[in-house]
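*Asks:* Taken in sequence, the protein lines are chains A and B.
Going by our numbering, the first residue of the first sequence is number 1, and it counts up by one from there.
Going by our numbering, the first residue of the second sequence is number 212, and it counts up by one from there.
Hints in this document: simulated from the structure, not taken from any laboratory.
Think of the CB as a built atom: it goes at the ideal place given N, C-alpha and C, for glycine as much as any other residue.
A few of these clues could be false.
In silico lysine-lysine, DSBU-like type, Cα no more than 30 Å apart, as pairs [as the list claims (entries may be wrong)]:
1. A:Lys115 with B:Lys424
2. A:Lys116 with B:Lys351
3. A:Lys141 with B:Lys279
Residues from chain B that face chain A, not an exhaustive set, calculated with beta carbons under 8 Å [as the list claims (entries may be wrong)]:
4. Glu329
5. Asn330
6. Thr361
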Amino acid sequence: MPVYKLHYFNNPRQGRAELSRLILSQAGVEFQDIRFAHCEWPAIKPTTPFGHVPILEVDGRVLAQSNTIARYLAKKHGLAGQDEWEEALADMYADNIHDLLNAVAVPFVEKDPVKKKELYQNFMRITIAPHVAAVEKQLKKNNTGYLVGNQLTWADLAYYAYFSDFLEVKFGSAFLKAAPRLKALIDRVKALPNVQKWTAYRDATYPEDKE
Amino acid sequence: MLIETFYRQIGSEIVTNKSFKFSMPVYKLHYFNNPRRGRAELSRLIFSQAGVQFEDVRFSHSEWPNIKPTTPFSQVPILEVDGQVLAQSNAIARYLARKYGLAGKDEWEQAQTDMYIENIHDLLNAAAVPFMEKDPAKQKELYQKFMTDTIASHVVAVEKQLKKNNTGYLVGKQLTAADLAYYAFFSDFIEVKFGGAFLKDAPLLKSLIDRVKALPNIKKWTEFRDSKYPEEN
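Bound-form chain A, shown alone (with noise of 0.2 Å):
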């Protein structure tokens, strides 16, 4: 088994490297799960190949980008869908969220907390809601409960790592009660025995940051 460690801050849940930290999770990988402290990060930002993080650190060989590596290991363990088109789809699903962790960064890095509070508000109406209501139609046409095929692929980890472990844990199931298949979906992922087991100890280890 290769020597994997995944390089990010010490965000716990919101960040661009928990998508990664459960596909290898799922698939019972064991992996080194490095955090540092933003105050860090000037001293190990020139150490990365770009400037910035998640980095994986595979038996010595480096790869960025957050989607890279968790696709890189999505397809590794099994995770990436079962031909190269299903392969595409979970590749789409998991821009997508890519797309709507850029987009909630807005509000979250807003400072002024009734300024933070509407650009949610709007996030939540203007960006979340139309989304919710286009990934239920999929879920409709595909018909198995997965967003791909027939089976868990990381685009369905994707999706509960934002939906539910994000946007449900801050505002609640509202925004989803018009998205049964949705709820379903990351209900199914939230119960699976490899993510509660990761999210227990996660949660136990690494307390929620408070905004």
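Guided by the hints, dock chain B onto chain A, whose structure is given.
*Replies:* Using the frame of chain A, we list chain B on its own:
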């Protein structure tokens, strides 16, 4: 070239699929009629370099409100493959690159190719900010900041990786979609817009994008494209 592509496709179908189709898929790539800077250009370059026919469907911004609800996630580009639809520019590019031998030789090279394509995706997102700015004075300031803050450090980092890889290509020893992505962004967008000064300390990157620019299939595509779709200002 066509025969080679045909056999290469059959070869990869036999290896990867249990049942292989004899015919080439029908590809329709849908995007705004934005000539160069669009997020569909990488896929067009992959098709062109691989010598694969595709329908290059372009629509105007006034048509978008009607087209939007027909897409899976209200975004373009989308790729139709024999009627099935794929969204997300990088998912499309990666799918085509893997199908047509431009994605690296093994899973590690594939990952590196992905990494570079995602770097460009981040840079496109960053460039969108000045690109969309309406006020010309503010736009000029934002572009300058973009060049000095974002582009300069990335060019240094990529030059270092090119030196380390030492093959003239970003990944492994041959052309991949990563090289096409860097060509599209750095030459076909940045160099056209700002000139080549930002490349003066990056001879390896400069030589890579010049090499891609000169590839026969790339030249064929860009000449066709530039005469058919004159550049937007």
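*Asks:* Hint by hint, say whether it matches the structure.
*Replies:* Going down the list of hints, with the structure as the test:
no.: 1; hint: A:Lys115 with B:Lys424; in the structure: 47 Å, violated
no.: 2; hint: A:Lys116 with B:Lys351; in the structure: 29 Å, holds
no.: 3; hint: A:Lys141 with B:Lys279; in the structure: 18 Å, holds
no.: 4; hint: Glu329; in the structure: 4 Å, holds
no.: 5; hint: Asn330; in the structure: 6 Å, holds
no.: 6; hint: Thr361; in the structure: 10 Å, violated
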